[in-house]
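Enquirer: Model the full assembly from the supplied sequences, consistent with the hints where possible.
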Amino acid sequence: MKRLRLFGVAVLGFILASAILAPMIATKDPNRFHLEKKFQPPSAHALFGLDQNGADVFSQVLYGARTSLTISFSVVALSTLIGLLIGSWSAYRGGWWDILTSRVLDMIQAFPGFLLALALVAVMGPSAQNLIFALCITGWASYARLVRGEVLHLKEREYVKGAEAAGASSSRILVRHIWPNLFSLLAVQSTFGLAGVILAESGLSFLGLGLPPETPTWGSLLNQGRRFLVEAPHISLFPGIALSLVVLSIQLCGDGVREWLNPKERPATIKACATPSDNKSSSGFKG
Amino acid sequence: MITFLRRILTTIPALVGVVTIVFFLLPLVPGDPVDLMLGEQASSLDKAALKHDLGLDLKPLPRFAKFLSGLARFDLGTSFTTHRPVAAEIAERFPATAELATSAMALALLFGIPFGVMAALNKDRALDQAARLFTLLGTSLPSYWLGPMLVSIFALKLDLLPISERGGIEHLILPATTLSLGLMAILTQVTRASMLEVMKEDFVRTAKAKGASTAQVYFGHALANAAIPIITVSALQFGAVLTGTVIVETIFDWPGLGTLLFQGIQSRDYPLVQGCVLVVALIYVLVNLLAELLYAWANPKVRVG
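Protein chains in written order, with this note's numbering: chain A, 1 to 287; chain B, 1001 to 1305.
Please note: incorrect hints may appear among the correct ones.
Said to hold, decoys possible - Derived SDA-like pairs: lysine to any residue, alpha-carbon spacing no greater than 20 Å straight-line:
| no. | chain 1 | residue 1 | chain 2 | residue 2 |
| --- | --- | --- | --- | --- |
| 1 | A | Lys2 | B | Lys1208 |
| 2 | B | Lys1123 | A | Lys161 |
| 3 | B | Lys1157 | A | Glu231 |
| 4 | A | Lys2 | B | Arg1125 |
| 5 | B | Lys1051 | B | Asp1032 |
| 6 | B | Lys1051 | A | Met124 |
| 7 | B | Lys1157 | A | Pro41 |
| 8 | B | Lys1157 | A | Leu16 |
| 9 | B | Lys1157 | A | Val230 |
| 10 | A | Lys2 | B | Ala1126 |
| 11 | B | Lys1208 | B | Met1118 |
| 12 | A | Lys28 | A | Lys2 |
| 13 | B | Lys1200 | B | Ala1212 |
| 14 | A | Lys2 | B | Phe1134 |
| 15 | B | Lys1157 | A | Arg227 |
| 16 | A | Lys161 | A | Gly95 |
| 17 | B | Lys1123 | A | Met124 |
Hint data in this document are derived by calculation from the structure and do not stem from the laboratory. Computed from a predicted model, the values in this text were never measured in an experiment.
Expert: As structure tokens, then:
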């Protein structure tokens, strides 16, 4: 398992680096067409082959990584931030503010997330801002709920009561005493969340709903490629591999992050002492 | 009984949420939805008629009342492209989606649970490793890549199965497999973990000691007790299967709600989009309620508490 996680970290690092360095690595313009060479299979000249317009698939996959990852990271960062602010504030203050937040969370989570994002993007039209907005609307609720639950526990702790007695303000208590305790929870949740957002973003782009058609994303590349499965399977093969590898390696990293931040969950140490026959099943499990 | 009733009542806020969110979709359309649907050149008479039809000539509150009273009569408005009632369109497409979603669900249960049990029985051996790998791959391969790949292998290269459209069972195999893989992977993982948990219990040892056969012990005693998380996860994941149909139906040209929604989006047929989103979301809420009721029924501790 450990080797598999290292593999995950390595693959993710490699793809992130290629996405950041895309303009240096991809020597060809992803939007430059060579119609006479369309459907050319992979070769030393064009690593991933050429698509139906004769554009370089390798460059498209690299630039697609840039777009898909930028959007997904922004969505996760924004959702986490909104969830942290709203969730911790409502749990800490309680009262009508908390009731209101809980009702809003119930409403959003009653909706299947992908469908809501799809409906929002469909009515608002394709653009990066709309895509990020739609995915954040559906995304922040799970972070807020998680944070709210944890803060309800934390605010009863002695050190928080102590700080209150010493006259610290609500915002100081939240920032200094409560937020640091949420770090590991949010780190794990947002790592797994990233995989979900990447899949959702690509799914929307696949349906032609994410970004304007001229921007290459993994989803739109897969959508183009599926029309030429016979002539040129390479068009959808490579973006598909890239997407699946990223999601897979993020999941492996998520498991790693969880174990690293919650040593109690490490199966080999504490659990094994309690019951010698215990198993590792709980570690590979979404919490 | 009271617990069941209370659970049914807790669905009401969710229903209100779904209806409210769907209602607010139309005002989110940038600019004037009527202009977008009819084009700038349409006559002002047509525009006014459509505006009235959509209720856009009303203030928000009366419009919401109109929307609700329509819902109460199963009136979801009229499709702008086909000029037929949206409810009729949806009723026509619904069986195809139901067929696809339930087959995918059945496939996932049929393969996921036995695979999970076998993995638990062979913990840390090759079969278990295979199950872990399957879980990882199943949750990482998106349907919009898996689907086209399956088509290119089984339909185009090997010519074993038809590519698309609805028909006999052979038409169902590829779309249902594509749709079920993710859930199958999750079920394998949950079954494995739940079985490992249960197999440590005393009653399993007792059953073994009194001489029950291996199959009786594992499939009778252990699996029955490991079932609660499996039931809960399957029912909760049914929502994912349901939304997954939008993509899978588009890939395989499956004439269900997903393709209807997609058509609606492409032709900016907002009443149709609203109707499809509403119906899928309502089914999702009801399935989640069913999951809770099943859970309460399977777990007496919850029923009493």
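Enquirer: Do the alpha carbons of Lys1051 of chain B and Asp1032 of chain B lie within 20 Å of each other, as the hint requires?
Expert: OK: Lys1051 of chain B and Asp1032 of chain B at ~10 Å, within 20 Å.
Enquirer: What's the verdict on Lys2 of chain A and Phe1134 of chain B, does the C-alpha distance respect the 20 Å limit or exceed it?
Expert: Roughly 17 Å separates the two Cα atoms, so the pair holds.
Enquirer: Holds or violated: Lys161 of chain A and Gly95 of chain A, Cα atoms, limit 20 Å.
Expert: Given pair Lys161 of chain A, Gly95 of chain A holds - Cα atoms ~18 Å apart, limit 20 Å.
Enquirer: Quick one, are Lys2 of chain A and Arg1125 of chain B close enough, alpha carbons at most 20 Å?
Expert: This hinted pair holds, its Cα atoms lying about 17 Å apart.
Enquirer: Is the hinted pair Lys1157 of chain B and Pro41 of chain A satisfied, with a Cα-Cα distance of at most 20 Å?
Expert: holds (17 Å)
Enquirer: Does Glu231 of chain A lie within 20 Å of Lys1157 of chain B when you go C-alpha to C-alpha?
Expert: Roughly 11 Å separates the two Cα atoms, so the pair holds.
Enquirer: Against the 20 Å threshold, does the CA-CA distance of Lys1200 of chain B and Ala1212 of chain B hold or violate the hint?
Expert: holds (16 Å)
Enquirer: Is the Cα-Cα distance between Lys2 of chain A and Lys1208 of chain B 20 Å or less?
Expert: violated (35 Å)
Enquirer: Would the hint linking Lys1208 of chain B and Met1118 of chain B be met if the CA-CA limit is 20 Å?
Expert: holds (18 Å)
Enquirer: Given the hint that Lys1051 of chain B pairs with Met124 of chain A, does the C-alpha gap stay at or below 20 Å?
Expert: holds (19 Å)
Enquirer: Below or equal to 20 Å on CA atoms is what counts here, so check Lys1157 of chain B against Val230 of chain A.
Expert: OK: Lys1157 of chain B and Val230 of chain A at ~8 Å, within 20 Å.
Enquirer: Under the criterion that the straight-line Cα-Cα distance not exceed 20 Å, is the pair Lys1157 of chain B, Leu16 of chain A satisfied?
Expert: violated (34 Å)
In summary, the structure is inconsistent with hints 1, 2, 8, 12 and 17 from the numbered list given earlier, while agreeing with the others.
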